[in-house]
Amino acid sequence: MATQGPIHDPNQSEDRMIDPRTGEFVVIAPGHNFRTVTQMIADIVLTDNTPLAWWGGLFVAATFAMMMVTAITWLVLKGVGIWGITIPGAWGFAIINFVWWIGIGHAGTLISAILLLFKQTWRNSINRFAEAMTIFAVCCAGLFPLLHVGRPWLGYWLLPYPNSMNVWPQFRSPLAWDVFAVSTYATISVVFWYIGMVPDFGTMRDRAKNPIAKTFYGVLSLGWRGSTRHWIRYESASLLLAGLSTPLVLSVHTTISFDFAVAAMAGWHTTIFPPYFVAGAVYSGFAMVLTLAIPIRKWYHLEDLVTERHLDNMAKVMLATGSIVAYGYGMEVFMSWYSGSHWEFFMMWNRMFGPMGWAYWVLILTNILIPQCTLWSRKLRVNVTWLFILSFIINIGMWFERFVIVVTSLYRDYLPSSWGTYRATKWDYMLFIGTWGFFTFLFLLFARIAPMIPMSEIRMMLPQTKVRPGGADAEVVTQEAL
Amino acid sequence: MPIQEGVYGLLAEFNTPSDLVHATEMAHRAGYRRMECYTPYPVEEAAEALRFHKTRVPLMCLCGAVMGLVTGYGLEMWVNIWGYPLNIRGMPLFSWPAFVIPGYEWTILFAGLSAAFGMLAQNGLPQLYHPLFNAPNFANGATTDKFFLCLEAYDPKFDRAATRTFLEQFSPVSVVEVDL
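Residue numbers (my numbering), protein chains in the order written: chain L, 1 to 482; chain S, 1 to 180.
There's no promise every hint is true.
Chain L side only, calculated, beta carbon under 10 Å to chain S, not exhaustive [stated by the list, open to error]: (1) Y185; (2) S221; (3) K466.
Note that these hints are calculated values from the structure, not bench results. By construction, the Cβ of each residue, glycine as well, lies at the ideal position given by its N, Cα and C atoms.
Start from the sequences, fold in the hints, and give me the full structure.
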């Protein structure tokens, strides 16, 4: 059975995505077997012909990444004074972009860990590149606070280690918590991602014809040979890592929200921040997964593996988390009135109608109005073009959310004599846009080198995996049922 | 020591997981113990047939978690109470709620690394060379779409001819001898 080619059943012509036997949605398009799914995924990487579009994309991305390198070099030479940060607006782009990037990363962990625990098998098609997205987003995110400390070459002072100055980090500060949260998050994400790829690297090693590629994947696969005892331990470790990543991802954005919530600043000092930050992170992260998944499935013809149902499910997750975010915005407005605090009230008034009020309304438009008006319709949820556009709109909206939170609370605080304003400089923009290039650069390399979709997990979703006691004879029944 | 010099074992190739599980079960009933299945994805029924149930990965993970918690929280306590005491906002030196997050993160960090590297260590990986890679049909199947059962020469019941006959009754695609 495993050797037969794709089957085209005329009974399935009405809706390919409905299983005729059970009437349930199928996640993978019918007509695939272990070999065809393996080929579909592995051949993207193992081809000798690198598409010209890939080189073009890499060139553009590398150009932008060079812009980032330039911006960092100048920053190291001149200091953070080249940025728009001043007193009172001392956080600016560095923190906005940090929170934005790390929020994007969270969807990857959500997909790989939380959806695994909930046995949502549809995640299998998208978890690998969502995890890659997490890691590359964390790389970009980590840059910002590191550069924001002013002397990034002394960044290791943030870590607790015995030193000749005889000083230690201050563990009561949320900024020290951040160091632990983000470094743990980065480490565990990389380990989870790599462990997930080990069996697939084994497949790549066995399929590669080029001796260099064979050695390369052979070393990366650590000699994986698919032994059953190995698989059982492997599954156990994967499940444990998923179980650990779930509280981790929630704690990371909670800790980031504490950077704000612990400070006695109007607009920041609220208990709603942790859940609302986590929901916002997942919201923007799923938008980014769509931004990446839609072109990838198109270019690499993976529509059978990343199906309409995946897009629909992701849109539903965005709808749910978007609604939580909308609730968060509503509560902030309500509490600023209900608290009876003059400062809170002024902060909200200033946020809506002050000199930077436009940013608040952009945020409401892009994060609430447009998604809420369109995502409730199934027709639009499976409209690939609209989802692609919407994913950009939401990411812009989530960037503005962090802009509004960071800037409007800081630039007009309690004392009118200390009010200021905030204006980003060209170096801020160069660094931010440069990180997009850096992110795309890393992602393109990943798409060329590693299997983008976990092959072993896709194989597990095929109907051929069903084991009939008694062996081959029982298999005939399965084959007929197919 | 291998009873048969120069032979790692006999490798039977199957097209379906059902055939593999059936053959494995029968081999176990026939008294073979030194054997292993090789599949392109985890087949739990094969592990059942091999009577392989328990892994020590969760225990290693738990040890890592406890170690991380003790290390993280202990470090914070030592730094804040003895190593570098600071009066921050008049909080007590042992202000335990503020220490929760770094302790929690290190719990997860140590537990995750223990689970991942513990799994690799128990699997004996990395091991870039293995005799099975000598089998001509192994590479094209074991990580793609074929299911293998290897009865190893270490097994006291192993006998070149008899074991081959035993395996052939399950109508495998092929039975090949794997050189050591």
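Verification of the supplied hints:
1. The closest approach between the C-beta of L/Y185 and any C-beta of chain S is roughly 8 Å, which is under the 10 Å cut-off, so the hint is satisfied.
2. About 9 Å separates the beta-carbon of L/S221 from the nearest beta-carbon of chain S, less than 10 Å, and the hint is met.
3. Hint status for L/K466 relative to chain S: holds, with the closest Cβ pair at about 8 Å, below 10 Å.
The structure meets every hint from the earlier list without exception.
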